[in-house]
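Given only the sequences and the hints, what does the whole structure look like? Please build it.
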Amino acid sequence: MADDDHIEALLAGLSRTQKLALVRGATDPEGTATGYLAGVEAAGIPPFRLVDGPLGIRAEGHRATAFPASIATAATFDSDLAHRQGAAMGREATALGQDVLLAPGVNIIRVPECGRNFEYLSEDPVHAGAVGVGLIEGIQSEDVAATVKHFVANNQETHRTTVSAEVDERTLRELYLPPFRAAVKANVGSVMTAYNRVNGIHMSDHERLVGDVLKGEWGFDGYVVSDWYGLESTVGAANAGLDVEMPGVAEATDDGTESYEWPDGIPDATHAGLFGAPLADAIESGEVPADRLDDMVRRVLGQMDRFGRLDGSQTGAEDGTGDGDAGELDSQRHRDIAADVAARGTVLLDNDGVLPLDDGADVAVIGPNVDEPKLGGGGSSETTPVHSVTPVDGIDARAEGAVTTAFGVPQIESVSLFDLLPFVDKDDDADGAAEDTADREPSLDDAVEAADAADVAVVFVRDATTEARDRESLALPGQQDELVSAVAAANENTVVVVRSGGPVELPWREDVAAVIEQWYPGQADGDAAAAVLYGDRDPSGRLPVTFAPESEYPTAGAERRYPGVDDQAHYDEGVFVGYRHFDDADVDPTYPFGHGHSYATFEYGDAEATAEQTVTVPVENVADRPGREVVQAYVRPPSVDGVDRPDRELAGFEAVQLDAGERRTVELSLDDLAFSRYDPASGWTVDTGTYTVEIGRSSRDVRTAVTVER
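Residue 328 is where the sequence shown starts when you use this note's numbering, and the numbers rise one by one after that.
Misleading hints may appear alongside valid ones.
Unchecked claim - Quick list of simulated restraints, FRET-style, between CB atoms:
| # | residue 1 | residue 2 | range |
| --- | --- | --- | --- |
| 1 | N514 | G988 | 52 to 58 Å |
| 2 | G538 | A579 | 31 to 37 Å |
| 3 | T344 | W545 | 30 to 36 Å |
| 4 | P945 | T1017 | 33 to 39 Å |
| 5 | D652 | V949 | 34 to 40 Å |
| 6 | P590 | D685 | 46 to 52 Å |
| 7 | S640 | E947 | 45 to 51 Å |
| 8 | R991 | G358 | 47 to 53 Å |
| 9 | A729 | D591 | 31 to 37 Å |
Hints listed in this document are in silico derivations from the structure and should not be mistaken for laboratory results.
All C-beta atoms in this analysis are idealised placements derived from N, C-alpha and C, irrespective of residue type, glycine included.
What follows is the structure in structure tokens.
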């Protein structure tokens, strides 16, 4: 807890110039931080370092544990595991001399093609909020401030710096704001504004959402930081409630001219320093009140003090080099957590009995990138690990039978935001990708031959996503669909392992024996895949996003919805996003939200309402092996004239490990959000009537139900 008297004493002793140094980023002399506040040495205020990101610590020039993509963490449906991952990232940030972690991202997955979905958590606000809070509380348990992002309605990368999300108040309140409100309730240290506009106003300048809602209505007392080069104005942003400009220092283009045309989705990196001299001038002229600057500084100092930076009780290497003794980096404990999240987030989409694999089976490992780990997507979340395991190495180490490999088709090249930046040196090896040299000579015939000769063929396929770019379609890139079909024709025991940043289309799914979604598994890639394939770990992940043909999503086929017309994306679907849309349209998705098989079999007893917002249900593992079930509760509201509500809304969930034959009564706490609706005239409303609480394995697999009165 911050020492208010100490902060006020510090603030009273600072000159205006010193205060301005605490609200605008500067160049990190060590070059490790993503964002840097220089501090005020004369006042005993140390530097404050902010670092990317949600998949691990991206401190320049340093390696760190590469955790799975955030969507994989969300697929575990386990807030406690998210807390463990967050704590590990907090310790690694400390070990690398960083004070603030720019994570997690909690934006709702609205557009399935969004290139940054792998960094986000869910299409559902209750789920995104719960997992996000787990990560935040874990990070901050290690005295590192978390930064929840990107506030708000940042749901596409196409035109992300200019597009306006045209969204009504009810939809904002019920769908897009709740994960951020949950973060504020969890006492998150900072909030990052998004690049986009909302209803015509850039988020950095959005006084109603930043000043009135975030700080006023919700009582957020941390600081609000801009996304990098995402500050639109000086006076507008300061008066709206933005507290810190990052990075605060302009970058030069390749040719040093001011006429450079920035690619779509890339902010103008020459537009910086607005909270420097321009802010000083605005305060002098009275356009920005002097006490607004005091509030900005007070908020920054409050978080520095809260996390022990002002008294020196909590710090890593003060020079940001990561050479101190504090924290923990690339430890066995962290490697185990990364592997645990990767395995636990793996979703078994289909299985006709081929899985788990027999130890002695001869296996053909096939795929264009089987010789490289899939660490993550491109952009600010990229993390370089000390140690990683490829799919072929993971399976080869686990298998007792023969293992053969074949690429089959040309390699899928990774894409990255950094390839688009004119001021970043290109590093071909930064992604850990294997070189697609001539001696690879991928051959579809070789893949078919390897599959035909093996007992089981395991085909690894992947997409390619990055911050600042949306996917062109939900189809797998390259010739991977052709590869899967050819292998499946040669071997009836074909297993496909999909590594994607969100939903993909699987046109061959009925022709293969099993399909696994592994997301971006991080450094433990091959080991986690092998553990699930051979049954050492139960595939306990569940889908945090609906899989369906691209044409069936609510943003499909209507350019005004996505990517927008005249820089306006109209959220005409309202609250009917994800499973809410598929329920409302009465369309069967390929795989519903919450779906995922286990190697075990679970039976549910009768649900019981034990309190106003608590239900219990007995669950028994009737298989002869242990397994992990994710028990999910959805609320069906009563009908109200003139109000269009979703058929059902996720209210709670619990991941539970059950031994063979074990029976346990699972208690589920039901979130207020599932019972409530937002009325623009009267605010939050809970309609009187009977609510049906459905308990099951997914949004479409209901096993029992109970009613509650409100």
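We went through each hint and held it up to the structure:
Between N514 and G988, the C-beta spacing of about 42 Å breaks the proposed range 52 to 58 Å. One distance hint, 31 to 37 Å for the beta-carbon pair G538 and A579, holds here, with the actual separation near 34 Å. Between T344 and W545 the beta carbons are some 32 Å apart, a value that agrees with the proposed interval 30 to 36 Å. Between P945 and T1017 the CB atoms are about 23 Å apart, so this pair departs from the stated range of 33 to 39 Å.
Under the hint 34 to 40 Å, the C-beta atoms of D652 and V949, about 51 Å apart, miss the expected range. At about 50 Å, the beta-carbon gap between P590 and D685 stays in the expected band of 46 to 52 Å. Between S640 and E947 the CB atoms are about 49 Å apart, so this pair conforms to the stated range of 45 to 51 Å. In this structure, R991 and G358 meet the distance hint of 47 to 53 Å, their C-beta atoms being roughly 52 Å apart.
Distance hint for A729 and D591: a CB-CB separation of about 49 Å, inconsistent with the stated range 31 to 37 Å.
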